[in-house]
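K.L.:
Protein sequences, first through last, are from chains V and S. First residue of the first sequence? That's 1 in this note's numbering, and the numbers climb one at a time after it. First residue of the second sequence? That's 1 in this note's numbering, and the numbers climb one at a time after it.
Treat the hints as calculated values from the structure; they're not laboratory data. You may find that some hints are simply not true.
Said to hold, decoys possible - Cβ-Cβ distance ranges computed for the label pairs, FRET-style:
no. : chain 1 : residue 1 : chain 2 : residue 2 : range
1   : V       : Gly200    : S       : Lys305    : 52 to 60 Å
2   : V       : Pro125    : S       : Ser162    : 36 to 44 Å
3   : V       : Thr209    : S       : Glu248    : 42 to 50 Å
Claimed, not checked - A short, non-exhaustive set of chain V residues, derived as facing chain S with CB atoms under 10 Å:
no. : residue
4   : Gly81
5   : Lys82
6   : Ser242
7   : Glu244
8   : Val250
9   : Pro266
10  : Ser344
11  : Glu347
12  : Val348
13  : Tyr351
14  : Leu358
15  : Gln360
16  : Asp406
17  : Glu415
Keep in mind it's a predicted model, so treat the numbers as computed, not measured. Idealized CB from N, CA, C, for every residue including glycine.
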Amino acid sequence: MLGAHSHIACNNIQTLFLQRKISIRPFTSKTRICTAASVISGSSVTHKTWSPLSMEKPLSKALLETDVWKVIPGKFGRFGGKYVPETLITSLKQLENEFNFVLQDTAFQEELSTALREYVGRETPLYFAERLTNHYKDENGEGPEIYLKREDLNHMGAHKINNAIAQVMIAKRMGRKSVVAATGAGQHGVATAAACAKLGLECTVYMGTDDTEKQSSKSNVLLMNLLGAQVKGVNGSFKDASSEAIRGWVGDLERSYYLCGTVVGPHPCPSMVREFQSVIGKETRRQAMEKWGGKPEVLIACVGSGSNALGLFNEFIKDEEVRLIGVEAAGFGLDSGRHSATLSRGEVGVYHRAMTYLLQDEEGQILGAHSIGVGLEYPGVGPEISFLKDSGRAEFYTATDHEAVDAYKRLCRLEGIFPALEASHALAFLDKLCPTLPNGAKVVVNCSGHGYKDAATVFNYQQQPQ
Amino acid sequence: MAAALKAPSTFFQLKTSGSHSFPRFTSHTVSLSAKRFAPMASLAVSSSVGLAETFSRLKQQGKVALIPYITAGDPDLSTTAEALKVLDSCGSDIIELGVPYSDPLADGPVIQAAATRSLARGTNFNAIISMLKEVVPQLSCPIALFTYYNPILRRGVEKVMSTISDIGVHGLVVPDVPLEETESLRKEAIKHNIELVLLTTPTTPRDRMKSIVEVSEGFIYLVSSVGVTGARASVSDRVQNLIQEIKEASTIPVAVGFGISKPEHVKQLAAWGADGVIVGSAMVKLLGEAKSPEEGLKELENFTKSLKSALP
């Protein structure tokens, strides 16, 4: 019973690591055995007495000295974990149990499938961008073929709904009456509010006042209100809204459900969001097979916290010949101090309840991030993304505000499509990438959202003096 | 014993290195403290007694520990230094000192605001250590540092433990590290004789509570309510049961915190069998929101005395 699903708390990366198929740096050389500490029972789901393997013996001083290796679910190498106040441990455990259950519950999967098809509008096209492809051809007329995974065509205009609808369904199953979420640019907030409206739950969204004032986010606030959600402003940006949302949740644990919008946070959040976003990659595999009878050579996605990137990448992690490329926001430039390039300039620490890369000062205080793509403004990054970087499975680069704006305009002119400024960062990297690729290489770029919201920003954009 | 012997040499180091190691102190305060440095003999009263020992001593006397919490650097470090002395002289048995952090997710608005003010003034870990180096030898009660995990990680767990141990800090509380992740912290804490205090809450299942209680050092921090720090109107009845449950599981002293703000609360907890009471936001508010540091210190003194008198 447990066997088939004991890998659920694990993930593809973990499996590869254990099979020594990808090499890891020395510090992770101790094998971490990943087993689901939560037990899935066929009938009852919640309130199973929690007795994780690591707690079978009290960790007395003697044991500490022998360096016994512990079993910790939700770790990706040294990243991940759950660094939360004790108050939240039980709630997270319940969440994990519920998640593990729905993954193998046919009724839930069918309901989710229907919702994705008929409410979200999936599957999204894998679109061949002919004029963009031609733009990148060299003098000999050679170059890669560029496809766009059109997550911008989802209901609510971004990939966020894939996760929001699934989790609101879980909240309803758990008997929760209200959903609490934090949002940066507003896309996750809007997706959550919509899903709550559809399923009849109360919705409270925390948003940083730095963000509510932004051009591209103002309309999202309006939309959330119309969808019946309560929007609470928090002094600061997404990181402050996120902390405040957790505090709000902690004050109302019985009634409310914390809906994580991205692959950060304490276990099981990163794994849950990744699972629900992985529909992007699954569709891509099938569509690639239909279109050209093979796999993509390169996958590119923008990386703020990593949800759309992992959504595309996850399916292909075991396919080592597929290059995985993430593009972060370099803002005003990596040396300007105003960017969100966590993987390029960050250090490892504990942030938002997980061990991951983050932008911090020498004191360990968290730095603010900047990007013209508000959804990329996050000083941390998902722990699984951190692991992909450290293990070398994925490559990470950056694009500046200016390069993103150029890429936005280019796609408008060449394909008649508005990419979100966030996704534009991924498109911007094509400039550097395409000349290096062989003729006919298949490149899939995740167009994670639409850019109508950014039209005014792009139009008014003046490049700042360096 | 070892700590008491260490203190004199630290004192001499301070004297010879001059005032440049205290960037946050005004010259006025430095000279004030210099005056307080009486002859060698009085240094022997510096606390070398740890948290666990303090509790056992109090238990023998039938007393309940008063454990105030203040955030370092709010309104400024020299006021914090004075506040520590005031709290000590008014009968505090242990003092918790909070290291301000940019993202304090376990804290409510009062302590969040204190952290923000403190960080805006440029308070950092090194400055706090410098301040403590001078003040700890003058205190009769032990200090426990309260900090989030990331700043510790940034410096290195080993380095932090040895630094705080060297200056005579006895305990450490890290609220965002749950039991599963405490391994490296506990290893280093034991090595450096720092008592790592763990937390348990009303949402913690009994088995887990027992595991936590078994490895907590110094005392067990019982969080009184489900939520963040911040004064509340009354203490939940559940706390009485929780205290009993812990006592059934272990002999470790139980101190209750979060939301305790009045002499009535403190009396109630003592009656329910708590070995210690932790008062944070109420103290922080008095100090941080007073019209002047002197007034804040006066109000702190009065408040502490009122709490102390409510306790056996």
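K.L.:
Among the hints numbered above, which are violated by the structure, and what are their numbers in rising order?
P.N.:
Violated hints (numbers, rising): 2, 10, 16, 17; every other hint is consistent with the structure.
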